[in-house]
Every structure is written in structure tokens, then in C-alpha cells.
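Asks: Respectively, the protein sequence lines represent chains A and B.
Position in the first sequence counted from 1, then plus 266, gives you our numbering.
Residue 313 in our numbering is what sits at position 325 of the second sequence, and the numbering runs on without skipping anything.
Source of the hints: derived by calculation from the structure; they are not laboratory data.
As the structure is a prediction and not an experimental result, all values here were calculated from the model.
Watch out, some of these pointers could steer you wrong.
[What the hints assert, rightly or not] DSS-like, lysine-lysine: derived pairs with alpha carbons at most 27 Å apart: (1) A:Lys452 with A:Lys486; (2) A:Lys316 with A:Lys409; (3) A:Lys316 with B:Lys200; (4) A:Lys409 with A:Lys449; (5) A:Lys330 with A:Lys409; (6) A:Lys449 with A:Lys486; (7) A:Lys449 with A:Lys485; (8) B:Lys63 with A:Lys316; (9) A:Lys452 with A:Lys485; (10) B:Lys433 with A:Lys330; (11) B:Lys63 with B:Lys200; (12) B:Lys506 with B:Lys21; (13) B:Lys547 with B:Lys433; (14) B:Lys293 with A:Lys452; (15) B:Lys63 with B:Lys433; (16) B:Lys21 with B:Lys426; (17) B:Lys472 with A:Lys316; (18) B:Lys63 with B:Lys293; (19) B:Lys547 with B:Lys200; (20) A:Lys409 with A:Lys452; (21) B:Lys293 with A:Lys330; (22) A:Lys449 with B:Lys506; (23) B:Lys433 with B:Lys506; (24) B:Lys547 with A:Lys330.
[Said to hold, decoys possible] Computed footprint of chain B on chain A, listed as stretches where at least three residues anywhere in the stretch have a Cβ under 8 Å from a Cβ of chain B: (25) 367 to 373; (26) 438 to 450.
From the three backbone atoms N, C-alpha and C, an ideal C-beta is built for every residue, glycine too.
Listed here are the chains, written in short residue letters.
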Amino acid sequence: MHLFSWLPESISSYGREMDSLMWLIYYVVGVWFLLAEGLVFYFIFRFRRKEGVPAAYATGRGLKAASWVIVPALLVLICDFAIDARGEAVWHHIKLEMPTPDVQVRIEARQFAWMFRHAGPDGQFNSPDDVITNGELHVPVGKVVRFELESRDVIHSLWIPNLRLKQDAVPGRMIPGWFKAEKVGKYGIGCSQICGNGHTVMGATLVVQTQSDYDQWLKK
Amino acid sequence: MSTTTLQPELLGELNELEPSEHGHAAPTGFIGKYVFSCDHKVIAMQYLFTGLFMAMAGGFLAYVIRHQLAFPGTKMLFHPIVNARQYNAISTMHGTIMIFWVAMPILIGAFGNFLIPLMIGADDMAFPRLNMLSYWTFLVSTIVLLASFFVPGGAAAGGWTSYPTLSVQVISSNHWGQVFWILAVALEFVSILMGGINYITTPLNMRAPGMKLFDLPVFVWMQMTATGLFMMSVGPLIAGAVLMLCDILFQTGVYMPEKGGDPLLYQHLFWFFGHPEVYVVLLPTLGIIGEVIPVFSRKHLFGYKPIVFSTIAAGLLSIVVWAHHQFVSGMDPRLAAPFSITTIIISVPFSIVIFSMIATLWGAALTFPTPMLWAVGMLAEFLIGGTTGIHNGSAASDIYVHDTYYVVGHFHYTLFPAVFYGMFCGLYYWWPKMFGRKLNETLGKIHFWGTTVFFNMTFIPMLLMGIAGHQRRVFDPRSFGYLKDMGTLHVIATYGLYGLWIYQIPFIINVFCGLFGKRMTDRNPWRASTMEWLAPSPPGHGNFEVLPECYRGPYEYSKPGAAEDFIPQWLPEETAGIARK
């Protein structure tokens, strides 16, 4: 049984990268974990007290003896840098780059609901063609969506597991971000930061549509 | 003359004195002896039993949480059905209690207090009265915290981290729970700070003649490092908490954006303390298993100095990792890379510590009485906690796992072994010294195996739920469509917790039986070489009949040519029968 086979379906353009990073970490730390646990259990069974057999006198003093732990620790460091390098690339792609957006949406969190202001065909907020919805975020498939995340009262967190997207919404700040959904369907949205008594009902739905369905929906 | 006089020449004189002449006279009468006592052993017991009581309280809250998640809205034993407000308060208080009122008083307050003077061959702490004040401040903080359940509006419900603006939001003036929370936490910090002065000063100034710094048992090093870390990091949080108090009571608006404040400021102040705090809790337990593993391996602790230096390095590193709790908090995303790198590099010093502990098992003559089971169990379980942490530490994968049950599973896999495995290990090991009686081995083994099986049964499902996308702190998981398949895992985890609770019963019985009955005469039942085993069991006022001198390091087990398989620290070379170097 693999821990990460429990991941929900990935539908965003960067989901694959993030999943592969999680699998990479899983395998790297998995090897270390099995090695360490294996040694612990091997030693437990191998070095039971036997009458007349004294324990070894090994203090670990001196570089030669200490290298038994220092060399593995340096190997850990190399693995660390590998994970850091890969992780930094993925982080940079998701959180620091901003591809040219096809669609704009402003997301406002409040106790205890999500409000979505879709910018409409003109790509401008606060214009007559804006479409405002409560609890339903509509996006076209295969298009870069740029969002602006705001909160009206307390800290919330936009959590869309299938997109591999999580971002806190902080009162007093506008936090931009992006995603590209690549599969048509309806997906759950949750709040992942405790925000009060209604934290448990603060859900919404992500509706990923074909471009024509999306255009039709905008007109309605 | 007082023991607080720290000149080494006076300590030499103290050595010659009879214990009754030690600093303050031995108190007479029940109240002087057991209630308002300056004796570090009595204070340790006060911390221990307050901590154990709070552990029962925190564990009870865990039971309410787990029942609600597995069987939402149904009746449970011992507690009425909870609503969302109460659920948030209960999960907030569970976290607060377990960290600040269980982990810290037991691992530092109880074990640190009891063992530091005994291990260094001193008659008490450097500042006994401050020590007493520390406990009584702690008791006041406990009462304030428990009282917060009964104020209008109920206990604080903003999560144990109490992020504003939720925590400063005043809903129909029911903010008293949060106010009490802040006061209780601040008092608790004051208490640990006052105790901490002792945990650092005493080993630095009152070691037995002949005991060098690197003759200190690794437990004492860990206590000093943990306390030092606590002192370095706690200031910003106390400041942050006071500002929060002002926000609530006087509407100052430090964290309120509409008044020009910033809620993220609190997160930085909180986690600047919050991450070192994890090591404040972990290090004492590494110290405990660092004492127990050599004894039952009959081996020198492998790499004593690397362990000491690594933990100090890890402690210093832990001061510059705090923002890894905030990767998706809305702080500048460019800050993620440095914090991610420092976080993951912390695995290096800790791998040195863990590998050294494992290396101690190599070539050993192992026996497995109950304390050793807990020590090795701690190592094995903590490895799960350590390795699952990498997914949280790497900023990009943290986008996914942050604030999910994966994090809940991860930190319970670090904290449960660190707090409870460490505590049980220490109690089964030092109980003969604390109370002069051994705890029952059969009950102890039932306790260990039951706890280990059900601990894993409780928390493995949480790791899986987190990977499946289950966010934390949800009152009723059924309200999210994408969580509809989580029901079975929640039920398994809840049955795991029931089992975990049931298997604490042997321990409770064991503790009560271990307080009464005939005392053993053997002062050193585990044949250990550290200084505390020279004292009578339990040690009287002043600890030692004659204050000891120290002749060697703490882990001289199975030394070739020695008459026995251990050479205690207090044994002069001539008596030990080995040639001087």
C-alpha cells in the first residue's frame, strides 16, 4: 500500500509536477526510513544479551568511529539538496510565475461562504459584464485562470484538492495566484484554515467547463 | 548560608557538611514537606501529577473530538453532544493543554527538576525558592486555563495557534475564553522561564567536584539546550500575546487591517517561538532515551559529543525555520526558498542524533525491560514523524499537505512519541528512584504493546486522510462532498483512540500500586552508572548522605578489563580497580 496512492485525481497543469515531487520525497525518505527501522530491528534481534558475551566498548570518539554516523548524515544532506532543488523549481512555477491569464476571477472569502466575481469577456473587474456567484467557481478548461484572493473578515484558506491549490485569504491583503484546469467536471472546494463556527460548512464547487459551455454560462 | 551561593570553593565546603546542614533545614510537617516545598524532588512530583492530571483532561478532549468525527452528532459516554462552537473550543484546548500543560511540565518541570540535581551530584537546585515559585505560578496558570471552560461564551476556539483576526473577533462580547487563554499561556511561560533559570544555572555551577561539562549525562545537556531555546524564542510570543490582549480589550488594532494592523505579524511572532517549542519538547525525551538505551545495551552512548553539538546546532537552526508554517499564509512567496532549505537541513543534525542512538544498539548486550521497550519504541515511532515532516518542509509539496490531516498525523507522530513514549520511558526507568519501588513489569509490557498498536491505529488513518485531501479542524466531515469516503478511516482512528485509552488503565493501576507497598533496598536496580543511582531511593532532603565526587563520564559500560560491566561516575579509580590513565 502506497501512502500517496490516496491522492485525489490531479486536474491542474501543475498537479503532475507537484505529485511527482511528493512521490520523489516519499521514495527518498522511504528508503531512509526503511534503512533506519531495518537497522533498529536487526540490532534488536542480533544483539540480545548472551551469558558470558560482553557488549562492545565503542564510544564513537574520534573521526573514524564517528564517521559511522557522519557519513550517513552527509548522505542525508545530499538528499536534502536534491529535494530542495526540485521543490524550489516546483514552488517557483506555481507561486512565483504568472503566465498570461486568459480568464480573471476575484475570490472573496467571508464567514462562511465563497463569493466569486468572474471578470467576464472584457477581462475587467467592476464592469457590467461581471458575473458574481456564491459558492460556484466557473472556469473554462485548458485556460490560465488568474485569481485575486481576498477576505472580508478573518483568515480563510482556498483549498481545491484536485487542483493541488491552497492559498490563505488574509483580510487586508489581495493575494494573486493562478491555475489551469485541464479536465471538465465538478470538484470540491473547501476552507482549510479554521475561521469560526461555520468553518465546517464553508464549501464551494469548482465547475470546469468547455469554452463554449463557459461562454454560454457567462451570457446567462 | 544558602545553597544559592555559587562560588566553587563553598561548594567544596558543602561537600563536607552533613545533609541536615544543607542550605535550608529539612522542613517538618505535611505542608512544609509536600505542599509549599522548596525541595526539587517534591516540586518535580507536583509538576508530574499536575501534568498527568492535565494529560487525562487533554486525552478526554481527544476522545470527544474523535467521537464527533467518526459518529457526528451522536450521543457519547461522559459528554453531551457537541456543537460546532464547542468542537472548535475542545480541539483548541486539546492542543493547548497537550503542548503547554502536559509536555512542558512533565518533560521539563518534572524530569528536569527531579534529575538535574541528582545527576550532577548536587543537593538541590541553585535557586530553590524560585523553583517553588515556578510551580505555584504554573498551578495558577492551570487553574486559569481550566476556568476558561466556564466563562461566558466558553473556552477559546480559534485553534491552539489562535490566529487573528479570528481570535480577536469580538462576537457579542464573548471574548473571555480568549482572554483567559492568553493569560494562562503567559503565566505558564513565566513559570517555565523561572524554572528554566534553575535548569541552566544548576548544571553550570553546582556539579560535583571532578565533574566536567562533558561528564554531564546527555539528559542534562538536552534540558539545558531545551531551556536555552525556550528562553531565546519565547519573548516575541509573549509580546505578540500581549498585543492580542490589547486588541481584544482595548481595540488597539495591531492585528486588524481596518485599523492599519496586519494579522500576519502574529503568525511570525507565534511561529518564531512555535518551532523552537517543538524541540523544547523533543530534546528532553531524546535525553531520557539517551540515558535508558546505554543502560540496557550495557554500552557507552555512541558519539556523546556529536549528539550534544548536533542538538545545539539543531536548536540554533530551529530559530530560523519558523516561516515553514506559513508557506501558503500570504507572505511573500520569495521567502519560501530560504525557509524551506533551513527546514530540510535540520534533518542533518537530527539524523546524527538518531543514527548515534541506533549505533549504540550495535554490538550491545540488549535486555528489554519496560523502560527499554519505550525507548526503542520512541525511536521507531519518531522515525515516522521525522520522515513525514519532509513533505511539510518542502514548500511546494506543503501547498498540498498544509493544514490537512497529513499534518495532524505527522505532528502526532512526533509529539506522541516525544511526550508520551518519553514520559513512560522515564517513569518506568526512574520510578524506583522517585518512589523506592519498581513498577510492575507485566503491566508495563501490556501497557507498552497496547499503546503502540492503538497509537498507530489512531494516526495512520490520519496520514491517509490528509493525502486524500481532508483539511483539519472540520467539525462534521460529511458536509464536504469530496470527503464522503473518509468515514471508515475516521471510524478506524476513533476505535484506535478508544483502544489507546483502554490500554492506559494498566498504567494507572501500576502508578497507584507503585506508590504503596514495601520499598526496595537496592539503590541501583538497573545497574546504571549515572550519579542519581548513588542516592537513597527515594532520596531524602539533601539527596546524598555525603555529596559525591565525580571520577569519569556517565556511560562507562562494559569497559574491557573492568571488574563489572559498569563503572559508576562516583567510584574512585582505586576502588574501580582500573589503572589511572
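Asks: Decide, hint by hint, whether the structure agrees.
Replies: Now the hints, each set against the structure:
1. For the given pair, lysine 452 of chain A sits about 19 Å from lysine 486 of chain A by alpha-carbon distance, which is consistent with the 27 Å threshold.
2. Among the hinted pairs, lysine 316 of chain A with lysine 409 of chain A is inconsistent with the structure: their alpha-carbon atoms are about 69 Å apart, more than 27 Å.
3. Taken as a hint, the lysine 316 of chain A and lysine 200 of chain B pair is broken in the structure, with Cα atoms around 34 Å apart against an allowance of 27 Å.
4. Distance hint between lysine 409 of chain A and lysine 449 of chain A is fulfilled; the C-alpha atoms sit about 11 Å from each other, no more than 27 Å.
5. Taking the CA atoms of lysine 330 of chain A and lysine 409 of chain A, the gap is about 59 Å. The hint is violated against a cut of 27 Å.
6. At most 27 Å may separate the alpha-carbon atoms for a hinted pair to count; lysine 449 of chain A and lysine 486 of chain A meet this at roughly 23 Å.
7. Distance restraint check for lysine 449 of chain A and lysine 485 of chain A: the Cα-Cα separation of roughly 22 Å lies within the 27 Å cut-off, and the hinted pair is therefore satisfied.
8. With a C-alpha separation of about 54 Å, the suggested pair lysine 63 of chain B and lysine 316 of chain A falls outside the 27 Å cut-off, and the hint is violated.
9. Between lysine 452 of chain A and lysine 485 of chain A, the direct Cα distance comes to roughly 20 Å. Compliance with the 27 Å bound is thereby established for this hinted pair.
10. Note on lysine 433 of chain B and lysine 330 of chain A: the hinted pairing is violated, with a Cα-Cα distance of about 38 Å set against a maximum of 27 Å.
11. Simply put, lysine 63 of chain B and lysine 200 of chain B have alpha-carbon atoms about 60 Å apart, too far for the 27 Å limit, and the pair is violated.
12. Taken as a hint, the lysine 506 of chain B and lysine 21 of chain B pair is honoured in the structure, with Cα atoms around 21 Å apart against an allowance of 27 Å.
13. For the suggested pair lysine 547 of chain B and lysine 433 of chain B, the alpha carbons sit about 30 Å apart, so the restraint of at most 27 Å is broken.
14. Our distance criterion of 27 Å between C-alpha atoms is broken by lysine 293 of chain B and lysine 452 of chain A, whose separation comes to about 57 Å.
15. This hinted pair does not check out: lysine 63 of chain B and lysine 433 of chain B have alpha carbons roughly 34 Å apart, beyond 27 Å.
16. Note on lysine 21 of chain B and lysine 426 of chain B: the hinted pairing holds, with a Cα-Cα distance of about 23 Å set against a maximum of 27 Å.
17. Between lysine 472 of chain B and lysine 316 of chain A, the direct Cα distance comes to roughly 54 Å. Violation of the 27 Å bound is thereby established for this hinted pair.
18. Restraint check for lysine 63 of chain B and lysine 293 of chain B: the C-alpha separation of about 55 Å exceeds 27 Å, so the hint is violated.
19. With a CA separation close to 20 Å, the supplied pair lysine 547 of chain B and lysine 200 of chain B stays within the 27 Å bound.
20. A threshold of 27 Å between alpha carbons decides the hint, and for lysine 409 of chain A with lysine 452 of chain A the separation of about 16 Å falls inside it, so the pair holds.
21. With a C-alpha separation of about 14 Å, the suggested pair lysine 293 of chain B and lysine 330 of chain A falls inside the 27 Å cut-off, and the hint holds.
22. The hinted pair formed by lysine 449 of chain A and lysine 506 of chain B fails the criterion: a straight-line CA distance of about 73 Å is larger than 27 Å.
23. Restraint check: the Cα-Cα separation between lysine 433 of chain B and lysine 506 of chain B comes to about 22 Å, which is no more than 27 Å; the hinted pair holds.
24. The hinted pair formed by lysine 547 of chain B and lysine 330 of chain A meets the criterion: a straight-line CA distance of about 19 Å does not exceed 27 Å.
25. With a cut-off of 8 Å between beta carbons, the stretch 367 to 373 of chain A has 0 residues touching chain B; three or more are needed, and the interface restraint is violated.
26. Coverage of a stretch by a chain is defined here by at least three residues with a beta carbon nearer than 8 Å to that chain's beta carbons; for the stretch 438 to 450 of chain A and chain B the count is 3, and the condition holds.
When held up to the earlier numbered hints, the structure conflicts with 2, 3, 5, 8, 10, 11, 13, 14, 15, 17, 18, 22, 25 and fits the remainder.
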